[in-house]
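Chains as they are written, first to last, in the numbering used here: chain A, 1 to 561; chain B, 1 to 159.
None of these hints come from the bench; they were simulated from the model. Some clues are possibly wrong.
Mimicking SDA-like on lysine to any residue, the simulated pairs with C-alpha atoms at most 20 Å apart in a straight line are [as the list claims (entries may be wrong)]:
#1 B:K74 <-> A:R291
#2 A:K307 <-> B:E58
#3 A:K133 <-> B:K12
#4 A:K307 <-> B:N29
#5 B:K72 <-> A:V175
#6 A:K426 <-> A:K340
#7 A:K174 <-> B:N29
#8 B:K12 <-> A:D301
#9 A:K140 <-> B:G126
Using C-beta positions, here's what the derived DEER-type ranges look like [as the list claims (entries may be wrong)]:
#10 B:E54 <-> A:N17: 33 to 41 Å
#11 B:E54 <-> A:K340: 15 to 23 Å
#12 A:A223 <-> B:S55: 57 to 65 Å
#13 A:Y476 <-> B:D40: 55 to 63 Å
Keep in mind the model is a prediction, meaning the values are calculated, not measured. Glycine included, every Cβ here is placed at the ideal spot set by N, Cα and C.
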Amino acid sequence: MNGAKIILESLKKEKINKLFGICGGSVIPLFDEIYKDDDIEFILTRHEQAAAHMTDGYSRATGEVGVCVATSGPGATNLVTGLATAYMDSIPMIAITGQVATHLVGNDAFQEADTTGITRPVTKHNYLVTDVKDLASTIKEAFYLARSGRPGPVLIDIPVDIQKGSCKFTYPEKVNIRGYKPKTSGHTKQIKAAVKLINASKKPVVYAGGGVIISKASKELRAFAAKGKLPVTTTLMGTGSYPADSELSLSMLGMHGTYFANHAIQNSDLIVAIGARFDDRVTGRVKDFARGAKIIHIDIDPTSISKIVNADLPIVGDCKIILKKLTKDIETKKRSGWHKQISKWKKEHPISYKKDKKLRPQYIIEQLYEATSGKAIITTEVGQHQMWAEQFYKYNEPGTFLTSGGLGTMGYGFPAAMGAKMGKPKKTIINIAGDGSFQMNIQELATCVINDINVVNVVLNNNYLGMVRQWQELFYDRRYSQVCLGKSHKERVPDFAKVAEAYGAKGITVCKKEEVMPAIKEALKYKTGPVVMDFIIEEEENVYPMVPAGAAIDEILVDMA
Amino acid sequence: MKHTISVQVENKFGVLARISGLFSARGYNINSLAVGETEDPEISRITIVVHGDESVLEQVTKQLNKLPDVIKVKDFLNSDIIKRDLILIKVSANKKVRPEIIEIATIFRAKIVDVAKESITIEVTGDEDKVSAFMDLMRPYKIKEIVRTGVIAIERGGK
Ligand SMILES: Cc1ncc(C[n+]2csc(CCOP(=O)(O)OP(=O)(O)O)c2C)c(N)n1
Ligand SMILES: [Mg+2]
């Protein structure tokens, strides 16, 4: 069997039936096999970055592993942002890149790039295959690494002559990497100690991150919180891991978190961090984070523990397994005093916005929630709209909020939405976008139209790179340096509805508050391809609450002072 | 604090780049790094000397362990070990000072490996302290070049 076919047969063994990407000189043999293959669907994107985000969105929505393909040189370098995005958020995916022929590697050949060198810091692991006999076992290993332990993207670089070479195809049953044995079960003594700390705690807070979603531990988290009456705050990546409409939910913590989550953390006597990594957007000024609390830190990646904040009790393992064990052993408690205090904070400063006649982004997202009964999968780009999407849509299930949390990649949301739709075709998929970010992968409207991928883009068009403008307004004396996207305040560029129509998509422009609900309903009725809704919102709306950079998280601005 | 870390890795292409990349990306400083094959040709050993407090070392060790190509990491801080560093040092030496230099070298059990008209090259092996002490004594004679392997280390006893 030739190498190219070995690649496809190996992928099928891993239950892959879709690929995203773009062809090129050094992957022609692979594409020739794709041409002959009836079982593999190929989604030809318009940019490799988008292919990587689509794969990532597919993985996040399904909990499985997506695969993207690119040619050598520029094809591979275009994947880098997508790989880095997936790496920061621990998303399992596989990237296959073509490489110049083995005898040319290192010669600055046409379209040669040191792909394994360039992607080393943004992948969990990568390979350059130099013998066709290693191909199947390398692919097996790559999938194993991508999925297991703390998941992440893995890249396989395959020179064109290896794709053409041939050998007998046998797909290994097992993988054995002697330097890689993730610990999953958690140390019994540590778990016992954690139970003791939790039982003794009067003011505990659970701080849940993306790890809970990755390990599919939402059910276990609910049971754990319910038994101990433990309030739960989630990170941006943990959104959906715990139901937002639960009484115990504190919503998000950190820079744009809720007043009550941040105050609960700061007044707590015990933080139970689960699958979270104390990102600086969460902790604010580190030395003041959770000042009076002991910290239990549960994570499958030992490097996350005591990296930023010292853990009093580390437990290395899979959240799902450890949560089950903890739930079995902790005492049933009421903790009414603590909950009374939290209710008070919730009443004092709920998440809110100005309700007037103007078209405000928060209102649009509330209406989206209404119209979809909270059942859609939401993806986002990066900026103010991303924070509003987290704050004003309520996520009750894992895998329903897909966002670039760690890297903060503008251009992520639209292709991720497409990937999510490919993985979950029955779901309503909505990309909440900014006018800046949407333009970073707007060309995928073509891919979407051609493949009839039904996603709704909600562009919250404020005519600005709004998040940066907000910082300039608040901390740089309103010096708006290079953040206006339009020709002027009157003339926004482009007309997104017209762009949509040019691609053959549906375009809708909304300028008034009363038009919002009818327009959303119209968009949700449209089932044949992509929709672009252009909401002309207030230019200078800000995201609140906000913790200024470098402040402690209870030094929180709840609105314009 | 200076730590000597011994890392067993798969003897594969790209492994050294992964390890040095890890150090540079996270801003850890390497004092020295020495690589070589072990008794098992599929395994290489990298001996790294690194500066840092306890928390830095904890991260370094964890990060190294996280790499799939890394088989075993050992920080020798609390172990009884034998450390060796080898230097080749070329010193300006005319006829007049040559005997003095040779005398110092003899005391250090160093080897004269090359003698030219205006210079002399010496090989010294030992732990870092011995090697540094020797270099200090050579400084007055004008050192032309120093080449150094970096520390390698092995545990004492039957283990
Ligand atoms: C690829 C990339 N470039 C730059 C940034 C920095 N950045 C963060 S938010 C932002 C503005 C985003 O503007 P827009 O998409 O219109 O969203 P808004 O904040 O206005 O809702 C920028 C430029 C980024 N996150 N990603
Ligand atoms: Mg904007």
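Hint check results:
no.: 1; hint: B:K74 <-> A:R291; verdict: 34 Å, violated
no.: 2; hint: A:K307 <-> B:E58; verdict: 9 Å, holds
no.: 3; hint: A:K133 <-> B:K12; verdict: 16 Å, holds
no.: 4; hint: A:K307 <-> B:N29; verdict: 17 Å, holds
no.: 5; hint: B:K72 <-> A:V175; verdict: 19 Å, holds
no.: 6; hint: A:K426 <-> A:K340; verdict: 41 Å, violated
no.: 7; hint: A:K174 <-> B:N29; verdict: 38 Å, violated
no.: 8; hint: B:K12 <-> A:D301; verdict: 24 Å, violated
no.: 9; hint: A:K140 <-> B:G126; verdict: 46 Å, violated
no.: 10; hint: B:E54 <-> A:N17: 33 to 41 Å; verdict: 50 Å, violated
no.: 11; hint: B:E54 <-> A:K340: 15 to 23 Å; verdict: 41 Å, violated
no.: 12; hint: A:A223 <-> B:S55: 57 to 65 Å; verdict: 35 Å, violated
no.: 13; hint: A:Y476 <-> B:D40: 55 to 63 Å; verdict: 59 Å, holds
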